[in-house]
Amino acid sequence: MTGLDRPHDTPVDMIIAAAGADERRTLVELTKDARFGVGAVADAPAALAALLRADPAAWVVTGGTLTRARPFMRAARTAGAWVVAVLSGRAEAEDRLDLGYRGLAVLRAVPPTERFQAATVAVRAGLSAWDPDLQFPADAVDAIETPLSPRERRVLELTGAGLSTKSVARQLGISPNTVKFHLQAAFEKLDVTSRAEAVMVAIRRGELAV
Amino acid sequence: MNSALTEWGAARRALAEQAVASVVGIDRGRGVRFSGIVWDSETVVTAAEALHGADSVTVHTAHDAVSAEILACDLSVDVAVLKVETGAPGVSAATPTALFSGDDVLIAGRSRAACAVLWTEVEEVGPAWRSRSGGELDRLIRLSPGLPRTLEGAGTFDLEGRLCAMAVRGPRHHTLGIPRETVARIVAAVQQHGRVPQPYLGVRLQPVRLDAALRQQLSRPGADGVIVVGIEPDSPAAAAALLFGDLILSVAGETIETAVDLKVALTHAALGAAVTVQIQRAGTRLDTTVIVRERPRG
Chain A
1 MTGLDRPHDT PVDMIIAAAG ADERRTLVEL TKDARFGVGA VADAPAALAA
51 LLRADPAAWV VTGGTLTRAR PFMRAARTAG AWVVAVLSGR AEAEDRLDLG
101 YRGLAVLRAV PPTERFQAAT VAVRAGLSAW DPDLQFPADA VDAIETPLSP
151 RERRVLELTG AGLSTKSVAR QLGISPNTVK FHLQAAFEKL DVTSRAEAVM
201 VAIRRGELAV
Chain B
1 MNSALTEWGA ARRALAEQAV ASVVGIDRGR GVRFSGIVWD SETVVTAAEA
51 LHGADSVTVH TAHDAVSAEI LACDLSVDVA VLKVETGAPG VSAATPTALF
101 SGDDVLIAGR SRAACAVLWT EVEEVGPAWR SRSGGELDRL IRLSPGLPRT
151 LEGAGTFDLE GRLCAMAVRG PRHHTLGIPR ETVARIVAAV QQHGRVPQPY
201 LGVRLQPVRL DAALRQQLSR PGADGVIVVG IEPDSPAAAA ALLFGDLILS
251 VAGETIETAV DLKVALTHAA LGAAVTVQIQ RAGTRLDTTV IVRERPRG
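Listed in order, the protein sequences are those of chains A and B.
Per my numbering, residue 1 is the first one in the first sequence, and the count goes up by one each step.
Per my numbering, residue 1 is the first one in the second sequence, and the count goes up by one each step.
FYI, nobody ran anything at the bench for these hints, they're computed from the structure.
Among the hints, a few may not be true.
As the list claims (entries may be wrong) - Here are the simulated DSBU-like cross-link-like pairs (lysine-lysine), alpha carbons at most 30 Å apart as the crow flies:
#	chain 1	residue 1	chain 2	residue 2
1	B	83	A	180
2	A	166	A	180
3	A	166	B	83
Please take these sequences and the hints and turn them into a complete structure.
And the structure:
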């Protein structure tokens, strides 16, 4: 049974859990257009149960040891809600997997909006969504991942299509040196040393279209 | 005097002299030099990555230096095609002998006009493989590690002096041979289209892990999948009304588990062809038809 198959009168179908207040603020920002309820919840499963009976389709919760607690997961399961966790690093992820979380996203300085939304969509459809950071090699994971800027993305896209630095510069109306600068910045963000690798890592991260 | 040794040396010398006739030195400026192979009267091939985005380079033969325009770069197989009339003989059209691990091969290139030759061994030969960047190589050819920078893009010749592969520097000091057939395929595409066409759907993807129940429902053995997290405006995906959150199951019958799988499946489809993209949307399996187009270059 997938999330979407569940009856419409189920008040809450997803819980997005964040460990602390800062994460919660970011999540509130990310989800403000959707029908999300927001609340800081105490450790007590009773408080969670009350929250799950409320109206909005999903809840963003934070609070103390809550996100680590087994009673929390039991209460969520009883209510039939999936849990998406937003984490600040890989180490936390292992615990969450054991507890039965269905979606995991890594929170960075700049919120990974698309990934986060994709994770919620996937979890609602009954899938599990792991942030790519959580499944690629450990050394790449601990690095803080920064999304490419629109310019870096564009430069990389044209480079991947086989255009020379000068052609990319002409297309974008910038100087060849600026193209090189953007490309170098993209290499650093993607932690790669070659053009072919840069294009592939960007595709894997959902930054470039296939 | 040991005549067997001198004969052996002379045979090696003859082979090297023959090989270097069909290779060039490539100068990208600022002292960056590597090699290339004279493919035919107006085409030279080299390693795409070594060009570093240059759009013209200087090509050196034994006696001459001419400017060459870069026609196309295929980063996924590391092949670049240059338009230049060198006057040097193109590589022999004869099919090379089938390589075997342990075979001696000659890597020939130039540092500007000077000949650069390296006798080395084939470490590993294998069937067709896919590079990490989704390039399809007709055979795996791995040569002894540690190719000097000047020999990047150089010709790799068998003991009959026939071209087997182009030598390139792989990750972790590996030396890879880009098979002659792969190079030929890229050159043919460039001669036909003026570039290497890149088929494109226009979706941005994120990996997802499929749980056991869903795998069973979808009859898929693998746990990896990709969902759509972005659709480029005016793209084939937009025209086919693919949606954010669609799980892409297959393209033209090829199972899709990763973004690279999708890239490869698209290269198997002709541009302008209608391909069936099977997706899982909100718990339902759907077939959509997408017209594959070339990735926009501007």
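Each hint tested on the structure:
no. : hint            : verdict
1   : 83(B) - 180(A)  : 24 Å, holds
2   : 166(A) - 180(A) : 10 Å, holds
3   : 166(A) - 83(B)  : 17 Å, holds
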